[in-house]
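Novice: Residues per chain are reported as follows:
Protein chains: 2
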Amino acid sequence: MTSGANADSKTTVALDVMSGDDSPRSRIRAAVKALKRYSSLHLLLVGDRQLIEGYLSDIDYSDRSRYTLIHANKTVAMHDKPSLALRGKKDSSMWKVLELVSTGEAQACVSAGNTGALMAMGRYVLKTFAGIDRPAIAASVPTVNGSTLLMDMGANVDCTSMHLYQFAIMGAQLAASVHGVESPKVALLNIGTEEMKGNEQVRLAHHLLLEKLEVQQGLDYIGFVEGHDIFSSRADVIVCDGFAGNVALKTGEGVANLVRDGLRSIFQRSLLNRFLYFLISPLLKELNRKIDPVLHNGASLLGLQGIVIKSHGGADEEGFYRAICQAVQEAQNDVPAKIAQEVEERLL
Amino acid sequence: MTSGANADSKTTVALDVMSGDDSPRSRIRAAVKALKRYSSLHLLLVGDRQLIEGYLSDIDYSDRSRYTLIHANKTVAMHDKPSLALRGKKDSSMWKVLELVSTGEAQACVSAGNTGALMAMGRYVLKTFAGIDRPAIAASVPTVNGSTLLMDMGANVDCTSMHLYQFAIMGAQLAASVHGVESPKVALLNIGTEEMKGNEQVRLAHHLLLEKLEVQQGLDYIGFVEGHDIFSSRADVIVCDGFAGNVALKTGEGVANLVRDGLRSIFQRSLLNRFLYFLISPLLKELNRKIDPVLHNGASLLGLQGIVIKSHGGADEEGFYRAICQAVQEAQNDVPAKIAQEVEERLL
Chain F
1 MTSGANADSK
11 TTVALDVMSG
21 DDSPRSRIRA
31 AVKALKRYSS
41 LHLLLVGDRQ
51 LIEGYLSDID
61 YSDRSRYTLI
71 HANKTVAMHD
81 KPSLALRGKK
91 DSSMWKVLEL
101 VSTGEAQACV
111 SAGNTGALMA
121 MGRYVLKTFA
131 GIDRPAIAAS
141 VPTVNGSTLL
151 MDMGANVDCT
161 SMHLYQFAIM
171 GAQLAASVHG
181 VESPKVALLN
191 IGTEEMKGNE
201 QVRLAHHLLL
211 EKLEVQQGLD
221 YIGFVEGHDI
231 FSSRADVIVC
241 DGFAGNVALK
251 TGEGVANLVR
261 DGLRSIFQRS
271 LLNRFLYFLI
281 SPLLKELNRK
291 IDPVLHNGAS
301 LLGLQGIVIK
311 SHGGADEEGF
321 YRAICQAVQE
331 AQNDVPAKIA
341 QEVEERLL
Chain H
1 MTSGANADSK
11 TTVALDVMSG
21 DDSPRSRIRA
31 AVKALKRYSS
41 LHLLLVGDRQ
51 LIEGYLSDID
61 YSDRSRYTLI
71 HANKTVAMHD
81 KPSLALRGKK
91 DSSMWKVLEL
101 VSTGEAQACV
111 SAGNTGALMA
121 MGRYVLKTFA
131 GIDRPAIAAS
141 VPTVNGSTLL
151 MDMGANVDCT
161 SMHLYQFAIM
171 GAQLAASVHG
181 VESPKVALLN
191 IGTEEMKGNE
201 QVRLAHHLLL
211 EKLEVQQGLD
221 YIGFVEGHDI
231 FSSRADVIVC
241 DGFAGNVALK
251 TGEGVANLVR
261 DGLRSIFQRS
271 LLNRFLYFLI
281 SPLLKELNRK
291 IDPVLHNGAS
301 LLGLQGIVIK
311 SHGGADEEGF
321 YRAICQAVQE
331 AQNDVPAKIA
341 QEVEERLL
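Just so you know, the sequences run in chain order F and H. Going letter by letter, the first sequence gives residues 1 to 348 in my numbering. Going letter by letter, the second sequence gives residues 1 to 348 in my numbering.
Since the hints were derived computationally from the structure, they do not count as laboratory data. Worth double-checking, as some hints may not be accurate.
Said to hold, decoys possible - List time: in silico DSS-like cross-link candidates among lysine-lysine, alpha-carbon distance up to 30 Å:
(1) F:Lys81 <-> H:Lys212
(2) H:Lys212 <-> F:Lys285
(3) H:Lys290 <-> F:Lys90
(4) H:Lys197 <-> F:Lys81
(5) F:Lys290 <-> F:Lys33
(6) F:Lys212 <-> H:Lys197
(7) H:Lys81 <-> H:Lys10
(8) F:Lys33 <-> F:Lys285
(9) H:Lys212 <-> F:Lys197
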């Protein structure tokens with residue numbers, strides 16, 4: 001199930017082509033882009049076969065040996081209740097991609113669908129590792145000098161200190177194996193940096209991390225950080241409950257939009273301003289590329305016995321392509337096996 | 001204690017001149033600026049008398065009838081434990097400004113000091129209204145079309161649904177009386193907008209607000225909003241626990257810094273870029289003015305039987321001046337009396 005593949009051997013990734021707000025056509029285009037980037041990649045395209053075949057024939061890509069079509073009758077809708085989807089949609093494209101990972105036919109899967117349903121089905125089909133109570137969603141966010149992993153992003157609204165501790169172990173392993181950080185700096189998100197600050201869960205998790213990780217290798221616990229540190233490159237992994245993580249991520253998007261809209265409205269006001277905007281637009285585009293969340297699309301459901309990548313529901317072709325790349329990198333670095341080993345050493 | 005003053009009669013505000021990271025000199029300069037703006041304002045300058053007199057003599061402001069010096073031996077430090085400050089610093093400038101509000105000698109007070117200590121002393125000296133379990137910190141944040149009140153900002157890391165409900169009532173009253181919003185749109189911060197989303201406290205608070213406010217006037221409950229809605233002008237008041245509120249505010253600051261630093265580094269790279277920056281800098285300054293948190297400095301400790309304004313610890317002269325203005329506006333609009341009335345009607 002967690003059998004890895006190095007960069008040279010074949011990597012197989014299953015795509016939930018029907019998922020998210022964008023059309024399956026854009027998912028297919030993203031898939032072809034990924035096939036062109038990774039010569040060792042094979043894709044399992046899961047969804048309405050007729051629809052997919054139609055889109056594929058529109059695109060100038062003929063190497064049928066690089067992908068396999070797998071038909072699925074149903075699609076999990078964005079508004080489906082996770083518990084109902086779990087019971088009623090076992091023949092959906094979302095369920096099938098998870099099953100393909102569970103049987104070992106794929107090393108990883110990607111879906112842009114309903115997060116709650118993906119999490120519920122993921123737990124049911126793939127199970128968590130022994131020692132891990134709950135999977136968590138780890139997302140990469142842009143920072144001054146690169147990126148930081150923020151987790152949990154919303155799968156677990158209430159977390160005990162032990163959950164936060166488990167997230168820290170898993171996040172550090174992802175940062176080390178995919179982002180290549182040797183001894184990842186791990187922090188807890190809090191509302192101040194003093195020991196007395198925060199709620200009980202966070203304060204207890206702080207002591208757990210201090211006690212258990214002091215003498216261990218491979219993880220550098222740096223204590224509490226605050227909201228403004230998320231984008232400052234202070235830590236490689238920032239751990240929090242799913243409520244705080246989700247609020248932080250979306251608040252960040254909100255401020256970025258506020259600034260972008262503010263710039264646009266000021267620069268559109270007069271002919272001179274519009275001309276100035278024209279002059280600086282290549283530089284603004286450069287900044288945008290640096291902090292664009294699309295480039296960081298593809299969150300990891302850590303703790304499951306298999307690689308599941310959640311793309312943003314609203315992701316476009318470029319965003320979904322990035323999520324596929326994330327899946328390939330995790331598969332090539334055999335992340336679940338490494339997490340399993342960490343969990344065994346530190347938690348069991 | 002909550003005796004109001006209309007715009008024509010005298011308003012007296014007590015300032016904790018020793019508080020925060022900036023020097024007392026900058027607090028005094030902010031005080032003089034406020035005196036020049038409000039002709040009916042009288043200030044009680046509380047702190048080290050000799051120090052204050054020295055700074056006042058440096059400044060070209062001679063109308064001694066507009067302010068009174070009140071000596072205080074001690075200062076609450078930013079790192080003081082709230083419980084220890086409460087027991088050991090009854091002769092501090094922070095304690096004295098609260099006492100001046102409690103005795104009615106001032107209608108409001110402002111401090112840039114230690115938030116935890118200010119909250120603990122405020123509860124002890126001023127007490128909360130009957131019907132209000134805990135005071136909350138309400139901060140104004142910039143949005144696309146103006147500002148939104150976000151609360152709680154960190155005073156209460158754990159909140160029950162009833163606390164959140166109480167915050168909503170108080171926040172709406174502040175928005176109505178100071179910001180002049182007729183029927184404020186109030187929302188709960190959550191990680192999705194569907195009923196099933198979020199933790200139990202938030203879901204229960206949602207039902208409390210739906211049930212109790214349906215037929216009442218003066219508050220328009222609009223349901224759940226997400227992090228990106230904070231800056232979108234969707235709601236006039238956004239309610240959450242202090243952990244989420246603090247994370248949201250600081251994350252917003254972090255993204256704003258990321259964008260500012262990103263712009264600076266790109267525009268400094270070459271002579272041409274620096275020239276372009278020179279051309280657009282008036283426009284960037286305009287944007288900065290629009291979203292600058294300094295202009296929104298001055299958070300309200302709502303629920304106390306008196307007006308207490310918390311300035312950011314790092315606030316400079318302009319920031320502290322804005323916090324004094326917030327105190328004057330709340331005093332002139334008699335906010336505590338209005339909150340007391342709301343609480344009596346809706347909560348008792």
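Novice: Would you mind marking each hint as holding or not holding in the structure?
Specialist: Status of each hint after checking the structure:
1. F:Lys81 <-> H:Lys212: Holds: lysine 81 of chain F and lysine 212 of chain H sit about 27 Å apart, inside 30 Å.
2. H:Lys212 <-> F:Lys285: Violated - the C-alpha atoms of lysine 285 of chain F and lysine 212 of chain H are around 49 Å apart, more than 30 Å.
3. H:Lys290 <-> F:Lys90: Not OK: lysine 290 of chain H and lysine 90 of chain F at ~51 Å, beyond 30 Å, violated.
4. H:Lys197 <-> F:Lys81: 10 Å, holds
5. F:Lys290 <-> F:Lys33: 21 Å, holds
6. F:Lys212 <-> H:Lys197: Distance ~34 Å between lysine 212 of chain F and lysine 197 of chain H Cα, so the pair is violated.
7. H:Lys81 <-> H:Lys10: Violated, at about 36 Å.
8. F:Lys33 <-> F:Lys285: 22 Å, holds
9. H:Lys212 <-> F:Lys197: 34 Å, violated
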